[in-house]
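Sequences and hints are given; from them, build the entire structure.
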Amino acid sequence: MADAVLHLEKLRKSFGALVVTDELTFDVMPRELHAVIGPNGAGKTTLINQISGLVAPDAGTILFAGRDITALPTHARAELGLARSFQVSSILPGFSALENVALAVQSRAGSSFRVLGRAAAEAALNGPAMAALADVGLAERAHIPAGELAHGEKRALELAIALAMQPKLLLLDEPMAGTGREETARLVEVLRRLKGRFSVVLVEHDMTAVFALADRISVLIYGRILASGTPAGVRADPRVVAAYLGDEME
Amino acid sequence: MAAASLAASPARPRGGLRVLPAGIFLAFALIPIVALFTGGTYLVSLGSRVMIFAIAAVALDLLVGYGALISFGHAAFIGLGAYAVGILSVYGITDALVSLPVALAVSAAYALLTGVICLRTSGVYFIMITLAFGQMAFFTASSLAPFGGDDGLTIAARNTLAGFPLLRDERAFYYVVLFCLLGTYVFCRALVGSRFGRVVRGAKENPVRMATIGFDVYRFQLATYVIAGALAGLSGFLLANATEFVSPAYMSWQRSGELIVMVLLGGLGSLDGAIIGAAAYLLTEEWLSGFTEHWKVIFGPVLVLVVLFARGGLIGLASALVRRFARG
Amino acid sequence: MSTTLLVVQILNGLQLGVLLFLVAAGLTLVFGVMDFINLAHGAQYMLGAYLAVAFYALTGGFLSALILALAAALAFGLVLEFAVFRHLYDRDHLDHVIATFGIILFLNHGVKLVWGAAPLSLPMPELFSGSVRLAEGLVYPVWRLVIIAAGLAIAALLYVLVAHTRIGMLVRAGATNAAMVSALGVNIGRLFMIVFGFGAMLAGFAGIMIAPILSVEPGMGDNILILAFVVIVIGGIGSIRGAFLAALLIGLVDTLGRSFSVDILRFVMGPSPARTVGPAIASMLIYLLMAVVLYVRPTGLFPAKGR
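Chains as they are written, first to last, in our numbering: chain A, 1 to 250; chain B, 251 to 578; chain C, 579 to 885.
In short, the hints are calculated from the structure, not lab data.
It is possible that part of the hints are untrue.
[Claimed, not checked] Listed below are several chain C residues computed to face chain B (Cβ distance under 7 Å; list not exhaustive):
| hint | residue |
| --- | --- |
| 1 | S642 |
| 2 | V662 |
| 3 | D673 |
| 4 | I676 |
| 5 | F679 |
| 6 | G680 |
| 7 | G688 |
| 8 | L691 |
| 9 | A695 |
| 10 | L805 |
| 11 | F807 |
| 12 | V811 |
| 13 | S861 |
| 14 | Y865 |
[As the list claims (entries may be wrong)] A few chain B residues facing chain C, derived, Cβ under 10 Å:
| hint | residue |
| --- | --- |
| 15 | I377 |
| 16 | A395 |
| 17 | G398 |
[As the list claims (entries may be wrong)] Restraint-style ranges between C-beta atoms, simulated for each label pair:
| hint | chain 1 | residue 1 | chain 2 | residue 2 | range |
| --- | --- | --- | --- | --- | --- |
| 18 | A | E23 | C | Y873 | 54 to 62 Å |
| 19 | B | S295 | C | S793 | 33 to 41 Å |
| 20 | B | S539 | C | D668 | 32 to 40 Å |
| 21 | B | L416 | C | D668 | 49 to 57 Å |
| 22 | C | R844 | A | A59 | 47 to 55 Å |
| 23 | C | N801 | B | G373 | 17 to 25 Å |
| 24 | C | N801 | A | T25 | 30 to 38 Å |
| 25 | A | V19 | C | V585 | 51 to 59 Å |
| 26 | C | L866 | B | P457 | 27 to 35 Å |
| 27 | B | D345 | A | R67 | 53 to 61 Å |
| 28 | B | G342 | C | T582 | 25 to 33 Å |
Even glycine gets a Cβ: it sits at the ideal position worked out from N, Cα and C.
The following block contains the structure:
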C-alpha cells in the first residue's frame, strides 16, 4: 500500500523447525493505533523484533514510510523514526529517569560526538525529556535512578523513552505486562491522549485496553494473521472467537 | 553473569569524594618539595613513574570502567609510544615536538586499525582479540633486531623540548609529567560527562536499548578505543623519556594485566580510582620488593581478596568509610 | 626443505597440538559450563610439572611420581574451586580475570619461593627415552610419540565420556544452558566441581608429560595459557570437539610456521628481509589466524551455545 507507514510483505522467520512468522503480510496506516493480539507463542514479540531490527527475517520485506529497511541495522531504523518499548523493561538502571529519556532526546538532536560540556545539565535535552516524562505521569520521579522505580513506573518510563524519540511509528510490546489495575488504567489514559500523534503497533493481552484504544485489530495465530479489521468486526468474527477470543471476553 | 557486580559509572563522583582529585593533584604537586628535604631524586623519579602509569590507567578506565570494554592489550599502546621515541632517536630525531605527535599518531593509528576488528566482537572474544593484537605488537618489537630486539634499546638522552634540554632535569620532567596527567584527567572527566560520554556509559548498561534509541554504539566505542590508545601512547612517550630505555616488555600481556589490576584496585569507573590504583600498585611494588623479591606471593592473594570483598576498590572502601563516619 | 624435516616438524606440530588440547579441554569446559574465565589454568599446568619433580625426588620412579602428582594437582584444583572460584561464578568476567591473575602471581612466585628460580628437570622413564627409527633416515624421540599417543587416547576417552555417559550429557547440557540444568534439579555445584577438578587434572597431566622435554621453571604456564585461550576461542567455547580440532590446527600452524617461515618468505622477498620478517610473522601467525576466524565467525568454529 502506497501510503502505509509500515508494510510487511510475506515475512518469514523460523527457529529450527519451528516457524514463528509465516508469510506474514501486514500494514499500519499513518496515525492509526493498530493492535496485534493472539495467544502466547503466536510470535508477537518475534514480529516486533523483526520490525525493529533485533532479529533478521529469513525472507520477506519490511517497508517503513516507503523505504525498504529489511537490511537496515536497528539504530538506523530508530533514526528514521521507529521507536519501540520492550516487554521486559529495558532501561538504563544506573541513570535517572530523566537521563534515560534525555538520551533519547539527544539521539534525535544529532551531534552526539560532542566531547565537552556537561550533557546532564543541557536544558535543550532536559526540557523535552521532562515533557515526555510529564506525558506519562513520571514528572515527579524524574531524578530517581531508573533501577529503583516501581514496576509500573518502569513500564511508563519505557513509553516516555519511546515518545522522546518523536517517532513516526511506535512499537509497544505488552506495555501493560505485569501492571496492576490502576497502573493499567493510567497507561490506557496516556495512550488515549497520545493517539493520533503518530502510528502505534500495540501488542497486548489486556483485552479491555485493546478494545478501548485500537482503531484496527489484527489477530496473530501461529505466525499468521487470522483476521484483521475494526474492533467490532474482529470481536464478532467467529474464527477469532473460536481460536482466541472465546475465553478471553467476559 | 550478574550486572549487579559492576555499578553504574556516574559522570561525577558522589559526596565527600568530590574533593579527591584536588587532593590527589595537590599531593603530587608537593612531592618534589618534600623531596628537597629528603634529598636526592629517588622520590621524584618514583613519583614520575607513578604518574606515567596513572595516565595509562586513566585511559584504560575509560574503556573498562565506563565502556565495559575489557582490553587486555592496552600495554601495546604504551609500548608503541615508547618505541616511537626510541626509533626516532636512532635516526637522530630527538625533539619532543616531533616525537610526541608521532607517538600519539602511531598509537592512535594502531588503536583504530585493531579497534575496527576488535569491536565487532564482545565478551571474552573481545578480551582475547585485544590480547592477540597486544601480542602481535610485542612480537614485532621483539623481532626488530636493529632496534634492540628482545634486549631493548637504550636511548642516549631524553628528548629536548623545542631545543631546550628541559626534560633532563628530574624536577622539571616531573612537572611536565604532572601537567600531562592533569590534562589527561581533565579531558577524560569532561569526556565522561559529555554527550559522547553519556552514550558510551549508556552502552555499557544496555547496548540493545541504546541501539533502539538510535545510537550506533560501534562508532562511539571505536572513538573511545582510539582516544584511550592515544593517551596510552602519551604515557609511553613519557615512559621512554623517564627510563631512557625501551623494550618489548613494555607491551607484554602481563603488563596489560597489571594495568587492569591498577584500575580495579583503585575503583573502576571513577578516573580518580585509576590514579589511586596506579599509585597503590606501584608503591606497594616498590615498598614490598624492598623486603623480599617474592612479594607477589602476598600480592596475588590480596588481589583475590579485593575481588571477593572490596569490589569497588580503594575508592569503594573510602566511600563506605565516609558513609559510616557520616552516620556517626 | 627435506621431506624428513617436514615429517619431523609435522610430528612436532601434532605433539604440541595434543598438549594444547589437554590444557584447552579443561579451559573450554570450565568456561562453557560455568562461564568462568580461568587465567590460572596455565599455572595448574606448571604446578603439575613441579609436583611431579617433587614426588620424583621422593619416589625415584616416574610412574609413581605421575600418579601422586596428578592426585595432588586434582586436590589443589578442588581446593581452589571450593575456596575461591565458587564465589565468583555469579560475577562478571572482569572479576574472574583479576582474581585468576592474582592466583597466577601467587603460584608463579610461590613455586619460585619453594623450588627456586633455576629451571628443574624431570627425567623421562628409561623405557621411553631414546629415539626410534620411523623410516629411512627418519629418527624421532620415543617420548614425543608417547605424548601424542597419550593425548589421542585421552581425547578418545573424553569423547566417550562426553557423548556416551550420563555425566557427559550433563556437562554438555550445562555448557549449553547451565541455568536450565540447575532448574531440572541437578546438583549444579557438584557438577561444577567435577568439571573443574577434571580440567585441572588434565592441565597438570600435560605439564607432567612435557616436563622431561622442556625445563620446569616459574612462569612456564604463561605462554601455554595464551595458546590455550587462542585454541578455545577458535574452536568455540564449550566444545571439546572444537578444542581438539583447533588445538591440532594451532599446533601444526605454529610449529610449521616457525620452521618454514623464512624459507617460504624467501620466495616473495630476498633472503635478508625474510630472515628478519620471518620469525616475527611466525610468532604472530596464530594470532592472525584467530583474528581471521573471529572476523568470519565471531563466536568460534563450533561454539557449544550455537550461533
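Evaluation of the provided hints:
Given the 7 Å rule on beta carbons, the hint for S642(C) is violated: about 29 Å separates it from the nearest Cβ of chain B. For V662(C), the interface hint holds, since its Cβ comes within 7 Å of a Cβ in chain B; the closest pair sits about 6 Å apart. For D673(C), the suggested interface contact is upheld, since its CB lies about 5 Å from the closest CB of chain B, less than 7 Å. Hint on I676(C) holds. Least Cβ distance to chain B is approximately 5 Å, under the 7 Å limit.
Taking 7 Å as the C-beta contact cut-off toward chain B, the hint placing F679(C) at the interface holds, the least distance being around 5 Å. A cut of 7 Å between beta carbons decides the hint on G680(C): the least distance to chain B is about 3 Å, and the hint holds. Restraint check, G688(C) versus chain B: the minimum CB separation of about 5 Å is within 7 Å; hint holds. Nearest Cβ of chain B to the Cβ of L691(C): about 5 Å, under the 7 Å cut. The hint holds.
At a threshold of 7 Å, the smallest CB-CB gap from A695(C) to chain B is about 9 Å, leaving the interface hint violated. A cut of 7 Å between beta carbons decides the hint on L805(C): the least distance to chain B is about 10 Å, and the hint is violated. Given the 7 Å rule on beta carbons, the hint for F807(C) holds: about 6 Å separates it from the nearest Cβ of chain B. Taking 7 Å as the C-beta contact cut-off toward chain B, the hint placing V811(C) at the interface holds, the least distance being around 5 Å.
At its closest, the beta carbon of S861(C) sits 4 Å from a beta carbon of chain B; the interface hint therefore holds under the 7 Å criterion. For Y865(C), the interface hint holds, since its Cβ comes within 7 Å of a Cβ in chain B; the closest pair sits about 4 Å apart. Restraint check, I377(B) versus chain C: the minimum CB separation of about 7 Å is within 10 Å; hint holds. Annotation: A395(B) was flagged as interfacial toward chain C, and the flag holds, the nearest CB pair being 6 Å apart, inside 10 Å.
Against a cut-off of 10 Å between C-beta atoms, the interface hint on G398(B) is violated, since the closest Cβ of chain C lies about 13 Å away. Range check, E23(A) to Y873(C): Cβ separation about 35 Å, and the 54 to 62 Å hint is violated. For the pair S295(B) and S793(C), the supplied restraint of 33 to 41 Å holds, since their beta-carbon distance comes to about 36 Å. Checked against the hint of 32 to 40 Å, the pair S539(B) and D668(C) passes, with Cβ atoms roughly 35 Å apart.
Taken as a hint, the range 49 to 57 Å holds for the pair L416(B) and D668(C), whose Cβ atoms sit roughly 52 Å apart. Separation of R844(C) from A59(A) is about 51 Å and conforms to the stated range, judged on CB atoms against 47 to 55 Å. At roughly 24 Å, the beta-carbon separation of N801(C) and G373(B) lies within the given 17 to 25 Å, and the hint holds. Checked against the hint of 30 to 38 Å, the C-beta distance between N801(C) and T25(A) comes to roughly 58 Å, which is inconsistent with it.
Checked against the given bound of 51 to 59 Å, the beta carbons of V19(A) and V585(C), roughly 53 Å apart, stay inside it. A beta carbon spacing of about 28 Å between L866(C) and P457(B) agrees with the range 27 to 35 Å that was offered as a hint. For the pair D345(B) and R67(A), the beta carbons lie near 55 Å from each other, so the given range of 53 to 61 Å is met. For G342(B) paired with T582(C), a C-beta distance near 49 Å fails the hint of 25 to 33 Å.
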